[in-house]
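Novice: Order-wise, the sequence lines are chains A and B. Everything in the first sequence is counted per the numbering used here, starting at 1 for the first residue and increasing by one. Everything in the second sequence is counted per the numbering used here, starting at 1 for the first residue and increasing by one.
One thing to keep in mind: the hints can contain errors.
Partial chain A-side listing against chain B, Cβ under 7 Å, derived [said to hold, decoys possible]:
(1) Ile124
(2) Ser323
(3) Gln327
(4) Tyr335
(5) Ala370
(6) Glu392
(7) Leu396
(8) Leu444
(9) Phe448
Rather than coming from a laboratory, the hints here were simulated on the basis of the structure. For glycine and all other residues, C-beta sits at the position ideal for the given N, C-alpha and C.
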Amino acid sequence: MKEIIKMMSRPMNWLEKMRKKKKASLRHFIGLGLVFCWLAGLVWWPTLAKAAETEPVIAIKGARLVTVTGSDIPQGTILIKGKYIVDIGPSVTIPPEAKVIEAQGLVAYPGMIDGLTYLGLQEISMVRATVDMRETGNINPQVRADEALRPDSVHIPITRANGTTCALVAPTGGLISGMSALIKLDGWTPEELVIKVPVAMHIQFPMMRGRYRRSSRSVSGSKRIKELKKLFNEARYYEKRRLAAQKNLLLPYPDFDEKLEALLPVVHGQLPVMISVYAEKDIKEVIKFVQEEKLKAILYGVHDGWKVADEIARAGLPVILDSLYNQPSRWEDGYDALYRNPAALVKAGVKIAFSSQSASLAKDLPWHAAKAVAFGLDQKEALKAVTINPAEIFGLGDQMGSLDKGKLANIVLTDGDLLEIRRHVKHLFIEGKEIDLSNYYTDLLHKFEKRLKEK
Amino acid sequence: MKWRKFVGLILAMVWLGLSPLGAGQDLFIKNGTLLTITQGIIHGGDILIIDGKIKEIGQNLTPPKGIRVIDATGKYVMPGIIDSHTHVALSGTNEASVAISSKVRMKDVINPEDPAIFTALTGGVTMVHTMHGSANPIGGENVVLKMKWGKSSEEMYVPYAYRTLKFALGENPKRANMMGFSAQPRYPQTRMGVIAIIRREFAKARSYMREWERYNQLKKNKKLVSFILPPRRNLRLEPLVLMLQGKMVARCHTYQADETLEFIKLSKEFGFKIGAFEHAWEAYKIVKELAAEKIGISVFADNWAYKMEAYQGIAYMAGFCAKHGVLVSINSDSGERIRRLFNDAAKTMRYGDLSEDEALKLITINPAIQLGVQKRVGSLEVGKDADIAIFNKHPLSAYTRCEMTIIEGEVYFDRAKYLEEQQKKAAAKKPHKKGGQK
Chain A
1 MKEIIKMMSR PMNWLEKMRK KKKASLRHFI GLGLVFCWLA GLVWWPTLAK
51 AAETEPVIAI KGARLVTVTG SDIPQGTILI KGKYIVDIGP SVTIPPEAKV
101 IEAQGLVAYP GMIDGLTYLG LQEISMVRAT VDMRETGNIN PQVRADEALR
151 PDSVHIPITR ANGTTCALVA PTGGLISGMS ALIKLDGWTP EELVIKVPVA
201 MHIQFPMMRG RYRRSSRSVS GSKRIKELKK LFNEARYYEK RRLAAQKNLL
251 LPYPDFDEKL EALLPVVHGQ LPVMISVYAE KDIKEVIKFV QEEKLKAILY
301 GVHDGWKVAD EIARAGLPVI LDSLYNQPSR WEDGYDALYR NPAALVKAGV
351 KIAFSSQSAS LAKDLPWHAA KAVAFGLDQK EALKAVTINP AEIFGLGDQM
401 GSLDKGKLAN IVLTDGDLLE IRRHVKHLFI EGKEIDLSNY YTDLLHKFEK
451 RLKEK
Chain B
1 MKWRKFVGLI LAMVWLGLSP LGAGQDLFIK NGTLLTITQG IIHGGDILII
51 DGKIKEIGQN LTPPKGIRVI DATGKYVMPG IIDSHTHVAL SGTNEASVAI
101 SSKVRMKDVI NPEDPAIFTA LTGGVTMVHT MHGSANPIGG ENVVLKMKWG
151 KSSEEMYVPY AYRTLKFALG ENPKRANMMG FSAQPRYPQT RMGVIAIIRR
201 EFAKARSYMR EWERYNQLKK NKKLVSFILP PRRNLRLEPL VLMLQGKMVA
251 RCHTYQADET LEFIKLSKEF GFKIGAFEHA WEAYKIVKEL AAEKIGISVF
301 ADNWAYKMEA YQGIAYMAGF CAKHGVLVSI NSDSGERIRR LFNDAAKTMR
351 YGDLSEDEAL KLITINPAIQ LGVQKRVGSL EVGKDADIAI FNKHPLSAYT
401 RCEMTIIEGE VYFDRAKYLE EQQKKAAAKK PHKKGGQK
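Chain B extracted, bound-state conformation (with noise of 0.2 Å):
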């Protein structure tokens, strides 16, 4: 019998040696109601997750000896939400200071202790795509960051999503409602100056792009390759080039509809691509154009007038606009409604009568689509990453709450646990205090 011990200590080192570095967890969820989002919804169902991955979904799955078990009973289980637009974990968000500041990348300014990570989980929140704020016409790079609170920058990063470059159009880049030192005047003061200023760039870098691929050519060349220069690299061109190359996709804040269509226009003259409209308020003015274009809008579903181009904005326009072909994420833009992201994919089932499927699909697999992520993340599928919150009610329902929540077979929040220290923590912190509450 010793050999078989000593050949699983072997293939257990080789399991171990073989599994990447910072490979998910071993995790088997039991008799829960799963919410799979692609596959309809399995009553009773477990989740067999090994590696962090999902390896099976269905009922009266065994799990494996040793496995950690989590009892779902009466819960909901559905795929971590993806926020597809917010500012969490940033030490900044705005190069305000420039027009043009497409050089910036938020990579750089990830801020892995953000409080805002841990109140994203506690929302079911798994996912974000962190973003440069909207006082530029050309923003920075965004990122895409998995709420692993707790790890480094490196390990919430996401490197097989989308590249995306923030624009922004309309109020905010002409800086309309600043005040004091933000209020300094600044080109561009009009929508005409947002969208010529753009187009410059642009412009500018498909001279640029061409110069380098000039050189390229000549460098081919070995008589004239000590004779020529490089061109001078500009940093502030080249995240334009990629999207001209189609490396990286736009993704524009908008509200009004005639600048959402002349950003379309815009695209076409100069062949990049849009990965999604975000805000986009009165989108649903447009339905036709963003159909045909198959451009999605990454949204609110009801925080509106809070400024005169989202004065028009309707509580209807998600519900709207997803039952008319386009493809709606609801987003939070905050560390705080980031936490209640269910609540607000539900507003349009009140508003826009969307059903229980299309509410959720809201912020899962549509946003996941909309960040390239979809093959990883987004639904509850063999295969795809075990990213997962657990609710005590439907997700839908406005008595919810989050459980738990699950990033590749790792819980990063557990309601139950996080009371119980809580509760440590009080009874430390005042032991001999008359009449204290607990």
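If we strip away everything but chain A, and leave its shape as in the complex, we get (with noise of 0.2 Å):
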């Protein structure tokens, strides 16, 4: 299904357009539907025949099974058939034609999802050639982020060596940056990466400057949202007259505006705005800014939001927090004010999800978790935030995010803690289908190890 709507999704637009510069009439419009059907029938008879026929069957045995969303069941097993977890619990028949895989003594985990990511977009982050993240300019709202992927980054198969399944792929830089993609980390090409897209709509306001000094300068996003209202109510402007064109002969179009065409389904509440906040007094504007405009919001980043996690839970709105490799701004707020903030915020009632901001680095993500645990953070709520409340702030809570039955079949198996430093992961599973944990570094180790054999 996924796919024709991901098929469907283009054709519609430039129908739309047809439509509506045309006047096209109904029949010319059925016309095209009919053939459209045609060609949707074409993709998708054959892919569902197949799958019935040879769907590969997989249970994973013995495991402690930690399904984040129900309770630990010590010993048990998953089945997974195709893509998906079709049966798990302590007692589970396996069927004959199934590939069992013995896991006595692992545990297993849902895949990880990580908030924020720059995979794909970024191969050595001072080689400007290799870095697609940062588009020049202020008001980028055009860019798409699967549009620049490049699914052969050696960051992918390291990071997901590590547990990591699926991650968040965003622009950055400017004041809106473009729209991120959730990818899952298998995948010949971007396509197959591609999960969703867009996810939302990313949005920066200033990080707080100071860099840990004595003193502190906060600085004000005022102005930013200023140009925020003032783009946003020029995407509405720009829509009506486009509709008030279609009834009116008279009245001319608007040129095509590709920044203010992106934004429409911003201020139509669709498409989420992911706004990178830091300071209080910039989290409160961007609430009340979220609020008065209508908009679908998650905040990102949220230094400062252990001062405001009343405001932000009574909002609704959800946090990914950026890397924890950084250092509070301002010398009062304490050293530990960014790595207590995710506990902060869990008291108050707000839904996080962890981020390791980097492509490089992405596989560090649950070590993030783990130091927000080293500072009062509940570590069943850390576990929780690297795998199903990153899922439904993305909306994909029903998919995937934990060990459920009709779920993704996105699976690691450790020797130890998700979370530890020290464990190491045995097993991992992308939609059902065992990943190689080979990677770029194990290459390159293999590689020297010869030499050292070498007389």
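Using the hints, build the complex out of the two chains.
Specialist: In structure tokens:
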């Protein structure tokens, strides 16, 4: 179904334009619709037929199952058929055709979901030729992360070998940076990687300056809010003018504006905005702004979250935390301000998720969560914040983020606590497929292990 | 009975008089899990600290009367973490205008008010090797400091460490990643030029050294002494002369395996000693050579792929090299990473399968050996400085938190006390504000 929706979305846009421009007749429309159905059928039928024939069955047997949404199962079995978990529990009957993976002594977790990365958009941060997540200029709502994804990035296999199976890939920079995509960390082409696009429109507020100096300088984002409001109004007006032109032959069509066009789903409240916002004052203003504009919103970064946790909770906005490899900007906030921020937000009732905010260090995601545990976050909440919470925030809570019947089989098997540093990932499944854990790291390691063995 | 008190007073005065200025304090750490590094783990162990030195370690020690006792029940006690490569507590790092800046000394720009010192303490770090930057093939003289937050630069300075001079190879001295003003072309622009310019300087230093030797020889002749002039002093070459004389060692920033090997060749050509290679992201390619030459490396656990020459820096490197006989330490190179070196050490267990013991060595005794201070710090042993970090969980667990950092018996960071102070400050700040968060 998903593929079809994706396929349909583009022709529909084009169709709409056709219809609006020429006042296309009903007949015309039906004709095109029939052609479209035929095309969709061509793609859909074979895949359905094929899936029914040879869906591999895998049984992960004997592992401790940390389901995340339910209680842990000390020893149980997960049955995978095709892409999905079809059964899970302490006593599951394993069909004879199943490939059995003996997992006694291992722990099964749902694959982690990274709340924001630059995977596939950045290879080497200081080599400009390999950096594709920051477009020039201030307003770039038209750019989409999925259209620059590099599936062959070495960072993807390294990241998944540490237990992450899905990640948001987002552009950054400017005021409006563009649209993000949620990807699974397995696939040969950008299309195979992408699970959902667009996930959000990314908007940036300034980081607090000060860099942990003893003097504090707060930065106001009010100017940015004014600018955004102006843009959103322009987008609304642009749409009105177009509608008016459709009704009245005497009115001219507005010139096509890619930026305003891209903002339309945002002002309609269909596409969420993900706003990177850090300072207390800015957070408050942003909450007011999204409420006034009736936007769907996700907050990102939120360094001062602990100061306004109740307000965020009341507004019902989820928060994705940025990398904890940061320092508080204000000395007075305490050295541990960013470390205890997640715990404070959860205590107030905010739904949080963690993010690595990186490509080369996206593998560190679980360790950000563990750091927050060291500073007061409940361990189970930390686990949720790298699994089910991001899934729900991205609107895919029914498909991933926990070990549940009917969900995609994104599963990681470890020899210990998922969030611990010392543990190893032993098996990994992405949409039911067992993933080879070798990567650029291990390839280079083996190459030079060979050198040592040479005489 | 009165005379006893009197004698006691006199003894106390004598003792006070004898104790050297700025000596450490007395402390008793009770009932912790002691990760001694060199002598295994002692469960339920005590440490008696007198005068800033570890006097006794063991189970069931009796604390002397009146001593401050720290209860470490359920906690983990380890030697203070040593960061073998960082740039904290300095008011300058790079003299980038010239290629050869060997005349500058980090000792001259110690900034005891850098908040990063406190940050280091919150991560259990007690000693750092704080270095000149890598903009120059030959940088400046580095300095070893103890993180005595609130004390003067003199008190932080560690005089018994090796004297070290910073060298840098590859992209940074080439200024390959620089923008704007710093991108002004300056010789050298290639790896060839980098090695050539270092060789030139050592050759100059050698003749400069000989000139002085000749002068000192001639000076002994009383007939000649009034006719000869001493050579003109060259501050740029003097550190290199110290290196040729074996009184100073090189700490060389390097990434690619090839340039690392070239520098080893250069050290043999001139006979100077290499203290350690910094970053050395491709050291795993040349373990044989490094182990044979007994040259250590001071590296990141996994911070990689930020520039071209760091693109083959695999997280397995530290563990792999340590297992094959190279002396490895894990460094921060940052005022932020410095507070989570214990996390970085744990990564060598995930990548490289080191044991707990081996992993902890990378941030304690190994950097101490690289800095020549292993007789004073780097492990919990009788007679060593009482530089100690206390954690609430095993320091290699991802869930751990540093609770207390002690240098020479003096508590420089105490989380419980810190939180109390923060609360007091918060209460004083907004007494009447409605709906304020704590």
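Novice: Now look at each hint and say whether the structure bears it out.
Specialist: Status of the hints after comparison with the structure:
1. Look at Ile124(A): its Cβ gets to within about 5 Å of chain B, closer than 7 Å, so that hint holds up.
2. Below 7 Å, beta-carbon pairs count as interface contacts, and Ser323(A) has none with chain B, the closest being about 10 Å; its hint is therefore violated.
3. A distance limit of 7 Å between C-beta atoms decides the matter here; for Gln327(A) the minimum to chain B is near 5 Å, and the interface restraint holds.
4. Hint status for Tyr335(A) relative to chain B: holds, with the closest Cβ pair at about 5 Å, below 7 Å.
5. Interface restraint check for Ala370(A): the shortest CB-CB distance to chain B comes to about 3 Å, inside 7 Å, so the restraint holds.
6. At its closest, the beta carbon of Glu392(A) sits 24 Å from a beta carbon of chain B; the interface hint therefore is violated under the 7 Å criterion.
7. A hinted interface residue such as Leu396(A) counts as satisfied when its beta carbon comes closer than 7 Å to some beta carbon of chain B; here the least separation is about 27 Å, so the hint is violated.
8. Given the 7 Å rule on beta carbons, the hint for Leu444(A) holds: about 5 Å separates it from the nearest Cβ of chain B.
9. Given the 7 Å rule on beta carbons, the hint for Phe448(A) holds: about 5 Å separates it from the nearest Cβ of chain B.
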